Each structure stands twice: as structure tokens, then as C-alpha cells.
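> Sequence:
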Amino acid sequence: MRYLDMIVHPEVREVFRKRTKLVQVMREHMNNLELLEVETPILQPVYGGAAARPFVTHHNALDMDLYLRIAPELYLKRLVVGGLEKVFEINRNFRNEGLSTKHNPEFTMLEYYTAYADFEDQIIFIESLFKSVTERVLGSSVVETNDHKYDFSKPFKRLTLIGAVAEKLSVKEEDLRKREVLESLAKKSHLEDYKDLSEGRLLFELFEAEVEESLDQPTFITGYPKEISPLSRISDDDPDFVDRFELFIGGKEIANGFSELNDPEDQADRFKAQVEQKASGDEEAMEYDADYVEALEYGLPPCAGVGIGIDRLVMLLTGAPSIRDVLLFPQLKSKD
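In terms of this note's numbering, the sequence shown has 20 at position 20, counting the first letter as 1, and numbering is strictly consecutive.
These are computed hints drawn from the structure, not numbers from a lab.
Some hints could be false.
Said to hold, decoys possible - Straight-line Cα separation of at most 30 Å, DSSO-like style, residue types lysine-lysine; simulated pairs: (1) Lys195 - Lys278; (2) Lys333 - Lys102; (3) Lys168 - Lys195; (4) Lys157 - Lys131; (5) Lys131 - Lys172; (6) Lys131 - Lys149; (7) Lys168 - Lys157; (8) Lys178 - Lys195; (9) Lys188 - Lys252; (10) Lys252 - Lys154; (11) Lys178 - Lys157; (12) Lys86 - Lys178; (13) Lys188 - Lys168; (14) Lys131 - Lys195; (15) Lys102 - Lys149; (16) Lys86 - Lys157; (17) Lys226 - Lys252; (18) Lys21 - Lys154; (19) Lys18 - Lys157; (20) Lys172 - Lys157; (21) Lys188 - Lys154; (22) Lys252 - Lys333; (23) Lys226 - Lys157; (24) Lys172 - Lys252; (25) Lys195 - Lys149; (26) Lys149 - Lys86; (27) Lys333 - Lys278; (28) Lys102 - Lys187.
Said to hold, decoys possible - What follows is a set of in silico ranges between Cβ atoms, one per label pair, in the way DEER data are often shown: (29) Pro155 - Arg27: 20 to 28 Å; (30) Gly82 - Lys187: 44 to 52 Å; (31) Glu11 - Leu33: 28 to 36 Å; (32) Glu173 - Lys333: 40 to 48 Å; (33) Val46 - Ser100: 43 to 51 Å; (34) Leu4 - Pro239: 28 to 36 Å; (35) Thr57 - Lys102: 34 to 42 Å; (36) Ser153 - Leu332: 36 to 44 Å; (37) Val293 - Asp193: 25 to 33 Å; (38) Thr57 - Leu36: 26 to 34 Å; (39) Ser198 - Glu253: 15 to 23 Å.
Here the structure is a predicted model, which means the values were calculated and not measured.
Here a beta-carbon is modelled for each residue, glycine too, at the ideal position from N, C-alpha and C.
Use the sequences and the hints to build the structure in full.
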């Protein structure tokens, strides 16, 4: 009964005023940098662009199943292929997952793509964007909530994923490339079915279980395993990893970005690997998107994209403990 909540608690109304202001500032920031705002389909014949279970619906006239968008990524990159070299969308996404303080099945993101840029350029872009947002929404680049203080005027900390796991678990980075070491650590961390996971997936699961929530101050984690990043460009320095980052603040993932994979043959192989994972029981693996592979054959220029979780950013700026506190009408369990 959000209407009663706002009547009784004026501070709740203030949270949503700040949310609206944040979205306005983000849009103005993108417009000032001459990114073109676009709209992509919410109903999609093939879902993709993220690791997630979709909601399924049915179109009666065409007698075909469609999926609610889990991410706009593959459509936005099609537009870059078409010559729109700087695009963004403030979009609603839908993922068929559980409820928690960090997750709601319907959520809002800012996603953007810039041709002739790489993930390093996007890291700099995000630091500038977050500084602008906090200064205009809060009147300061310093965020102070719930005994936490974040200064967005300074460059954010950077760690590699393998380096962060090695530091947290007091092991050498080179040892984290050994299957027996990864399995031993996975057992100690009580990871499920770890013997069925690849080395890269094991490393990522260890990061999520042991490191992620400890990343309080703004931190870019770079260098993600190839097998969990099917749309990212392979690193020139190490073929087992990709040019990808995630931004963590307050123990939560706020943004995800990478240099885009633009090789159609490599992309086709990665999609096929995802299909195999799906057949093996991974319900969050992507489908094979033949139309997107064909689009890459026409030529996607070197580019990099980023998705930013607006709901979680509002949580950060307002000190809200749960995502439901920054959504006007969050999904709730039935009273029954």
C-alpha cells in the first residue's frame, strides 16, 4: 500500500523525488555527450544479453512464444552495426528470479554503447557519470549513508577478479589456475556441484561467494573468465579472460561493462557453448541468436557497452536497505 506509506512517511516521497532526479540527470548527461536515446523491443523472439531465466508469453495471432526482455544489449548493438555509433536506453528488464533485498523480477537499467571505445574508456566514463549524478542529485560528490562514506570525486579502486580472490583467500594467483586448488577452495566455501563446473566458472563462483559482499568502497573488478562472458572480447594478454569489468559499491554490483565481441565466428561458437550449457541444465544460459550473428557479419565496429542498475544506484544514494524501498510498486509475495 505504497500510497499509505507515502502519506505517513514524507521521507519515502523524498526517495522517489531523488530517483526521478537521478534518471533526469543521467539522461541529460548522455544527451550532452551526443548519445542517441533509442527504444528496443520488450517482447523478443530470442532472449539474450544476460545470464537469466526469462518470462515466457504467447502471441496468439502469430502462434509463437515470446520472451520479456532480460537485457536490451543485442538490439542496441544491432543499431551500432546500422551506423548509430553512440546509443543508450533507459530500459525496463524482466528476469524470472527470486525476490531479495537486491533483486526484483522487474527492474530499470541504463545501458549504452559507444563505437571506437573499449572497456577502459567506459571505466573513465562511469567515474565521470557517477560524479555528475551525485553532485546534482545530492549537492555533493560525497555520499554519506548508514555509517558509510563514498567519495565519487576520486578515481575508483581497481582489482582483477583473480587477484581479488587470491587476496581474500590468501592464495597465489598462479595457484588459482590449478583445478585441484579451485576444487579445494570450492569445498571449503560450500559451493554446490563444484566438480561439474569449469575452472573459470569455479573462479567466478568463489568470487561471488567470498569476495563480492566485502567490496564496500567503489571498486572496478576486471578480467572475467571467458566462459561466463559470452559477449565479451577476449583479452590480448590472456585468452582465458575477457576485457570486462563490474563496478561494486557497498557490496553490490552496480554496473557491468566490456569491450564487445565483434567476431561473428567466435560469437557463433560461444552461443553454441551456451546452448550446450543449457542442455546440461543451466537455466540461465543464452540461446543461439542466428540473426545477431548475421548482424555481426555485416560489421560491428570496435565498441564497448555498459549496463548500470538504476534501482541499486538509488539505494546507494538514499541509504535504502532493500530494492523494494526504491521501487514504487515492487513485486511482493501473495498474502495467501
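> Within a Cα-Cα threshold of 30 Å, do Lys131 and Lys149 meet the stated pairing?
Cα-Cα ~14 Å, so holds.
> What's the verdict on Lys195 and Lys278, does the C-alpha distance respect the 30 Å limit or exceed it?
Within the cut-off at roughly 17 Å; holds.
> Regarding Gly82 and Lys187, is the given constraint of 44 to 52 Å on their beta-carbon distance met?
holds (49 Å)
> Do the alpha carbons of Lys333 and Lys102 lie within 30 Å of each other, as the hint requires?
Status holds; Cα separation ~16 Å.
> Hey, Lys188 versus Lys154, does the alpha-carbon distance stay inside 30 Å?
Distance ~36 Å between Lys188 and Lys154 Cα, so the pair is violated.
> Quickly compare the C-alpha distance for Lys168 and Lys195 to 30 Å and report which way the hint goes.
holds (22 Å)
> Are the Cα positions of Lys18 and Lys157 separated by 30 Å at most?
holds (26 Å)
> Are the Cα positions of Lys168 and Lys157 separated by 30 Å at most?
holds (16 Å)
> Does Lys195 lie within 30 Å of Lys178 when you go C-alpha to C-alpha?
Roughly 13 Å between the alpha carbons, so the hint for Lys178 and Lys195 holds.
> Does Lys131 pair with Lys195 here, judged by a C-alpha cut-off of 30 Å?
Given pair Lys131, Lys195 is violated - Cα atoms ~43 Å apart, limit 30 Å.
> Between the alpha carbons of Lys226 and Lys252, is the straight-line distance 30 Å or under?
Since the Cα atoms of Lys226 and Lys252 sit roughly 22 Å apart, the hinted pair holds (cutoff 30 Å).
> Are the Cα positions of Lys172 and Lys252 separated by 30 Å at most?
holds (25 Å)
Checked against the numbered hints above, the structure breaks hints 5, 12, 14, 21, 25, 26, 33, 34 and 35 and satisfies the rest.
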